[in-house]
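Read off the chains here:
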Amino acid sequence: MTPGFADPVADAQSCFRAVLEAMSRPGRVQSVRGVTAPAPLCDAAAAVLLTLVDHETPLWLDPAAEAARPWIAFHTGAPTDGASFAMALSLPDLDTLPTGTDEMPETSATVILQVTSLTTGPAYILDGPGLREPATLHVTGLPGDFASIWQRNHALFPRGIDLILCAGNTLTALPRSVSVKEA
Amino acid sequence: MAYVAVKGGERAIDAAHGWLAAERRGDPSIPPLGVAQIQQQLGRSVDRVMAEGSLYDPQLAALAIKQAQGDLIEAAFLLRAFRTTLPRFAHTKPVDTATMRIERRISAIFKDLPGGQLLGPTYDYTHRLLDFSLLDDATVAPGPIAAADTETMPRVSDVLGQEGIIEPDTASEQEPGDLTRESLSFPASRDVRLQALARGDEGFVLGMGYSTQRGYGGSHPFAGEIRMGEVSVEIEPAELGFTIDIGDLVLTECQMVNQFKGSKTVSPRFTRGYGLVFGFGERKAMAMALVDRAMRAEELGEDVTAPAQNVEFVLYHSDNIEATGFVEHLKLPHYVDFQSELQNVRRMRAKQETAE
Amino acid sequence: MKGYNFAYLDEQTKRMIRRTLLKAVAIPGHQVPFGSREMPLPYGWGTGGIQVTAAILGATDVLKVIDQGADDTTNAVSIRRFFARTAGVATTTATADATVIQTRHRIPEKQLREDQIIVYQVPQPEPLFRLEPSRVETKRMHGLADYGLMHVKLYEDVSRFGQISISYDYPVMVNERYLMSPSPIPAFDNPKMDMMPALQLFGAGREKRIYAIPPWTRVKSLDFDDHPFRTINAPHPCGLCGATDSYLDEVVTDDKGGRLYVCSDTDHCAERRAAGHVGTDGFQAAAE
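Chains as they are written, first to last, in numbering that gives the first Met the number 0: chain A, 0 to 182; chain B, 0 to 355; chain C, 0 to 287.
These aren't lab readings, by the way, just hints derived from the structure by calculation.
Ideal placement from N, C-alpha and C gives every residue a C-beta, glycine not left out.
Some hints could be false.
Claimed, not checked - Capping the alpha-carbon separation at 27 Å, the derived lysine-lysine pairs in DSSO-like fashion look like this:
(1) LYS255(C) to LYS330(B)
(2) LYS138(C) to LYS350(B)
(3) LYS330(B) to LYS65(B)
Said to hold, decoys possible - For each label pair, taking beta carbons as the anchor points, the in silico distance ranges come out as:
(4) GLY142(C) to HIS16(B): 45 to 51 Å
(5) VAL277(C) to SER184(B): 54 to 60 Å
(6) LEU329(B) to THR279(C): 30 to 36 Å
Whenever a hint applies, use it, and build me the whole structure from the sequences.
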């Protein structure tokens, strides 16, 4: 089994700041370091798991990523009886994941979605908190009707799913507060 | 006076700490107080600090008392701030107070019962007269110490339970909550309420318990049983599959027996209020049992009218570390806020004067 | 520091706080409960801010800590020392040099940048608590975005005093959804929160809540069309640097009504004086 972070304290902090920055400025692409991912995960997805997931956060794992389960179980100890986080290789049906309640919208799931690229592919226009003006994000690996799927999620605000997109050693995020349309 | 910008916060802090250390030591011609002396001779303080500090470690509690110059809330705070950094290796099995090695056991509701009444080391019947012989460090003749009774002492609540005249108290399969890891949310279940009370300030819990006796949410309590003594703490590591005894705790448990008229579906029977604290903490355990019962008002279909029945009020105000911090934070500088109030009031007064 | 993890908190606790921070950013202005820990400083003295700072801080960060706008107030000194000791990070008093600024009761005068994070210490995160003490009730109101209670209070202020009487901790609407306490900053600072380039994080340790305002987010101070929000400040220039646009402290100089007004933001004032700006009392102070 491959190890976790080379420097657990510093690498987790660095990865967290990348995710925080991505969540704060949706669509801006960040890079992470410090881990060699188990197949089929990319480095960024593995780093996010190590940074945010532990025995207090149930994790739903995409069956297509089953090969990484022993690594995730060993390094995070995450239980599997729920979905505070979902680790997916293709966008799961968001309706099957918890979206929180009006009083406790924070009890929703965060989806870590591995995609092919965050620099090429279809362009999406993002708007909302964190963005001074609408921003453009290119993603290869989202379903064709992603913009409409996302708008249904966005309409639930303050409930809704937050999405962390990972490709290679890069990541970005789409919080529920942001709106997405096809460019 | 000319204005000189306030500088030297660092020097002021260092000087304050130095002064504090000197004051803590007191007159150097008097021998310093040893932690072992505190642990042995100020046991009730040590117990209170362990209870409110949520950490069972008599030596560290004694150290905290020494470091805090006997300020018990400050000592509990020191212990809590240490406790929060400790890793968790295992969770213990529930302790069983039925198998307690009893040092004290009394029941106010039966004249005699299996195991009998055992006064133990209590202040109850001391006359509160200052004992001037203690001024002279007089050696105390060792008194009789009753060996911990090995005879099993059934809990009084279990005796009543056999008759079905008191509500059952069955163990829940649910994992108990933990206030030290998750923030309070409502409705708060009884396990969380009991945890808050067990860590709560003795004075606060005492005052709330007392209020229930004066008509603010009373429930006709009887002290069914108070027992104090040692219990074993066990863990069951998953990889071993059997339990290991890892040490002992001294606990005080109080079972209050309270009136309940019954309802359409439940025949009249007694209900329970429960108190459990670290060490010898009888006052706290009894008050806790009163407040526990008061907070069950809603569950038992009683009117919620009194402060002690208001779960949110009791739980948000019982913790003395939170309370002391926030009350005392008022001494921190607030001159920015005060200045905006000053300007605001001046402006409003000026406006009023112009209008007149 | 020996015996303790980097920045005091254990990694498990940091993960818990980090998860909370991400939710807080995703739901701007919503108070997210968290498992606040007992810190080695008292509740009410910045334990929420300290936990947030400890969870975000890295070895390359440069930390500035202010209380009442000043770097040298005793509690600011104490918190700065705490992080210098437990995390070994570089500290600064210069707003421009900081990557993380922890504050109590002020926002620096200098506009913050995209590469900075400001962490507010919050004593009471619930903006409605003076009107409704039950958190069960206020949580329901936030869920429904039912803020009628606050509008009634402001309306009563106007009819009684001819103006809104709140001068600090002035409630704001974040992203047109959540009513939020900006922490007890003077209303003077409220406009700085609107469309701020920096990320704003809020930690309330005793009340166990974290909330956030992402960069470039609308933050509106509540008001009425005919009684628009107004900032309050002493009608004077700074006696030391002559600034007319900074928030002022009032210093009592004698018992005959003597007053001196000086910048609350000590770094701002020092920077202006270094650049040659002098107020009417500036020469006197320099001569002492």
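Taking the numbered hints from earlier one at a time, note which ones the structure violates and give those numbers from smallest to largest.
Hint 2 is the one this structure does not satisfy, whereas the remaining hints hold.
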